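Chains as they are written, first to last, in the UniProt record's numbering: chain A, 1 to 546; chain B, 1 to 214.
Be a bit skeptical, because a hint or two may be false.
As the list claims (entries may be wrong) - Just some of the chain A residues that point at chain B, by a computed CB distance under 10 angstroms:
hint	residue
1	L336
2	G361
3	D363
4	M442
What the hints assert, rightly or not - No farther apart than 20 angstroms at their CA atoms in a straight line, the calculated lysine to aspartate or glutamate pairs in the DMTMM-like style are these:
hint	chain 1	residue 1	chain 2	residue 2
5	A	K84	B	D29
6	A	K84	B	E78
7	B	K75	A	E79
8	A	K84	A	D311
Rather than coming from a laboratory, the hints here were simulated on the basis of the structure. For clarity, every value in this text was computed on a predicted model and none was experimentally measured. For glycine and all other residues, C-beta sits at the position ideal for the given N, C-alpha and C.
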Amino acid sequence: MDALETPRGRHGRAPDVLRPGAWLPMREYPQNEPVDFVIVGTGAGGAPLACKLARAGFSVVAFDAGAWWRPLEDFASDEAHQAKLYWLDERLCDGDNPLKLGSNNSGKAVGGSTVHFSMVSLRFRPEWFKSRSLLGYGVDWPLDWREMWRYYREMEQALKISGPVTYPWGPKRPRYPYRQHEVNGAGLALARACDALGVDWSPTPLATLSAPRGDAPPCVYRGFCVSGCSTNAKQSALTTWIPWAVRAGAEIRDLAMVGRVETGGDGLASGVHYFREGRWQFQRARHVVVAGYAIETPRLLLNSASARHPDGLANRSGLLGRNLMVQTNNAVWGHLEEEVRWYKGPPSLALCEHWNYEDRGKDFFGGYCFMSQGPLPAAWVATQTGNHGLWGQALVDEMRHYNHQVGLKIVGETLPQERNRVTLADEHDQYGLPVARVTWSMGDNDRRLVAHALDFMGRGLDAIGARDIWSEAENTCHLGGTARMGFDADSSVVDADCRSWDVRNLWVCDGSVFPTVGGVNPSLTIQAIACRTADRIVALAARGDL
Amino acid sequence: MSLPRYPGYDVLHKRNGPSWNEPTRRAVDARLALPREPRFFDARQWALLNALCARILPQPADRPPVPLAAMVDAKVFERQGDGYRDTRLPHLQDAWTRGLAALDAEAEARHQQPFVALSAGQQDALLTAMQQGMLHHPAWGGMPPALFFSERMVHDITGAYYQHPTAWNEIGFGGPAGPRGYVRLDSDRRDPWEAAEARPGREDEAREANRRVR
Numbered sequence: 001m002d003a004l005e006t007p008r009g010r011h012g013r014a015p016d017v018l019r020p021g022a023w024l025p026m027r028e029y030p031q032n033e034p035v036d037f038v039i040v041g042t043g044a045g046g047a048p049l050a051c052k053l054a055r056a057g058f059s060v061v062a063f064d065a066g067a068w069w070r071p072l073e074d075f076a077s078d079e080a081h082q083a084k085l086y087w088l089d090e091r092l093c094d095g096d097n098p099l100k101l102g103s104n105n106s107g108k109a110v111g112g113s114t115v116h117f118s119m120v121s122l123r124f125r126p127e128w129f130k131s132r133s134l135l136g137y138g139v140d141w142p143l144d145w146r147e148m149w150r151y152y153r154e155m156e157q158a159l160k161i162s163g164p165v166t167y168p169w170g171p172k173r174p175r176y177p178y179r180q181h182e183v184n185g186a187g188l189a190l191a192r193a194c195d196a197l198g199v200d201w202s203p204t205p206l207a208t209l210s211a212p213r214g215d216a217p218p219c220v221y222r223g224f225c226v227s228g229c230s231t232n233a234k235q236s237a238l239t240t241w242i243p244w245a246v247r248a249g250a251e252i253r254d255l256a257m258v259g260r261v262e263t264g265g266d267g268l269a270s271g272v273h274y275f276r277e278g279r280w281q282f283q284r285a286r287h288v289v290v291a292g293y294a295i296e297t298p299r300l301l302l303n304s305a306s307a308r309h310p311d312g313l314a315n316r317s318g319l320l321g322r323n324l325m326v327q328t329n330n331a332v333w334g335h336l337e338e339e340v341r342w343y344k345g346p347p348s349l350a351l352c353e354h355w356n357y358e359d360r361g362k363d364f365f366g367g368y369c370f371m372s373q374g375p376l377p378a379a380w381v382a383t384q385t386g387n388h389g390l391w392g393q394a395l396v397d398e399m400r401h402y403n404h405q406v407g408l409k410i411v412g413e414t415l416p417q418e419r420n421r422v423t424l425a426d427e428h429d430q431y432g433l434p435v436a437r438v439t440w441s442m443g444d445n446d447r448r449l450v451a452h453a454l455d456f457m458g459r460g461l462d463a464i465g466a467r468d469i470w471s472e473a474e475n476t477c478h479l480g481g482t483a484r485m486g487f488d489a490d491s492s493v494v495d496a497d498c499r500s501w502d503v504r505n506l507w508v509c510d511g512s513v514f515p516t517v518g519g520v521n522p523s524l525t526i527q528a529i530a531c532r533t534a535d536r537i538v539a540l541a542a543r544g545d546l
Numbered sequence: 001m002s003l004p005r006y007p008g009y010d011v012l013h014k015r016n017g018p019s020w021n022e023p024t025r026r027a028v029d030a031r032l033a034l035p036r037e038p039r040f041f042d043a044r045q046w047a048l049l050n051a052l053c054a055r056i057l058p059q060p061a062d063r064p065p066v067p068l069a070a071m072v073d074a075k076v077f078e079r080q081g082d083g084y085r086d087t088r089l090p091h092l093q094d095a096w097t098r099g100l101a102a103l104d105a106e107a108e109a110r111h112q113q114p115f116v117a118l119s120a121g122q123q124d125a126l127l128t129a130m131q132q133g134m135l136h137h138p139a140w141g142g143m144p145p146a147l148f149f150s151e152r153m154v155h156d157i158t159g160a161y162y163q164h165p166t167a168w169n170e171i172g173f174g175g176p177a178g179p180r181g182y183v184r185l186d187s188d189r190r191d192p193w194e195a196a197e198a199r200p201g202r203e204d205e206a207r208e209a210n211r212r213v214r
């Protein structure tokens, strides 16, 4: 656990995570001279941005509060041990439906949550970028879907996404760069359910290798993906963008918690205060990018209030921290006669996006996909005790069906509501910073979506002969919103380039800029936006508009 | 469907094989070597916690029990939080301290005896009332009993159990799997290093297959 005690990115070198014991040379920048860009957070938003900006010749220092793990040497095949990847600092949750965070959706490591994500790499439906104009709900994005689809393609190529030759939904897309993975028993159960329901299914496009890539081997189907990949088949930010960024001249500082963005007399950001190696330090910067995801990003900006920005940075609209969205994560579960052994392989090898693309037959706005499941024992028992309410002998007996269990689970859209928000609580964390209070209440539309999904998936499991079917009525996963992008300073926090309307050298680059969340996992979209933002910064710099 | 059984399967037989790497061996070894003496709970709380574990996660008498109370004690002592806290619950340590005291207060109020002295049926009735939010003793101090039940008590006890190799054996889980992983992904296709489920009347075949798991 040494990586949790002593920074690894220092003395001019960084861990080469693809080779045991090896190091990469890493540039170091002095604190008292401003670097072009400070980036706070090295996950799906911060890491690609750091890479692309460094490649464009900017000086970049990226900070992460978490450790710089070497998966080949540090990662166990063990759910409990690997909790070291999660953001486990205290957060307070309230509202009608208090959220569950931590292992569910929050990472604290170089590479952020991508170190323990399930690798599901999906594109948004084109219409979602104009959901208000075209579909009648939410708000429009200031981005054009055709431009986004070009970035999706770039991301899929960069990460060697494995996927099918043809994808059943949406506009024609090119073949995925790496072949699809074999679908496991749990995924084939989804396929049979979809066949019975008369809808398409597909092998899931995944950010884990189906063939060798440089020093990284193909996936061996060990199934501990959401506890961290110990073979480096997973194309996380830790194994891709971060080493690429280091090679391009960026400096990454691990175990470095940024507590405050400083602003000068001109109202512009001048650098960040961060806690590392036992003391608070200050890094000067010409630009600051906050990439901490939908809770830490508003928390940092709210905690950076000053006389000139009394309500927090980038909050003239009053919208910072508001419109927090989650994705609903409800499921139906049942047993099959056959031995499924769903612990083998990535947890979601097959999916159905039918209800993302079909608008008829719905009594709700938005969409959802559903995927096959493979929770490991600790995650599975949490489902059985939480939503199913089991304990005692009934629990022990139900758990013994583990190898026969199948499930279908959604990633469902929820609508933005201003009452759902992140604020600062009175309690403080180990750094002396106010902890985040996360308030979320389900809306009526969200409930109708979940009811539709549970009914549909339940019929699917029934059709394939599953027994003892039950519905997991409450669960949420990915986050979004809290620093939404938009068309003007009154109704959004950042513009289409992720640049703050109020503080022009302050940027936000993560899932908090999402105006709506859609019904697919967000990581590919976050990375696509980060790469677009990098290109926009290069273009703005070229014409003197930075 | 009768309950699946995996006679003779022991995931620890794979400990020195290609399904376990060094970090995995260290992590599981440390779990198996966990001290059995409490570091956080006092004697009365410890007895109550052991009684609770026996009801929440009953274990068969024909094998060494998973030391659930010790695992919960370690979690609480080391303040291993989950990364979120419902605002109606106090901190991890406070929640456990208050929850155990309140449960004993409920037992005294109902039966004039501490929880540990109640019959299994009385204990289960009290726990069921707790799960359903039907307890109202002032000792709860505003902490909702049903929330403590699901988010803390059952969560921590059952979460401990299913991270223990004994539980993996019981449910036929393959256990640690890196770097070897798996080959046969389709249903009813067992890799030779996976648990073999007993077919009715053919228990010996499963036992023999499980003996070869490495």
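Legend entry - Which numbered hints fail: Of the numbered hints given earlier, those the structure breaks are 2, 3, 4, 8, listed in rising order.
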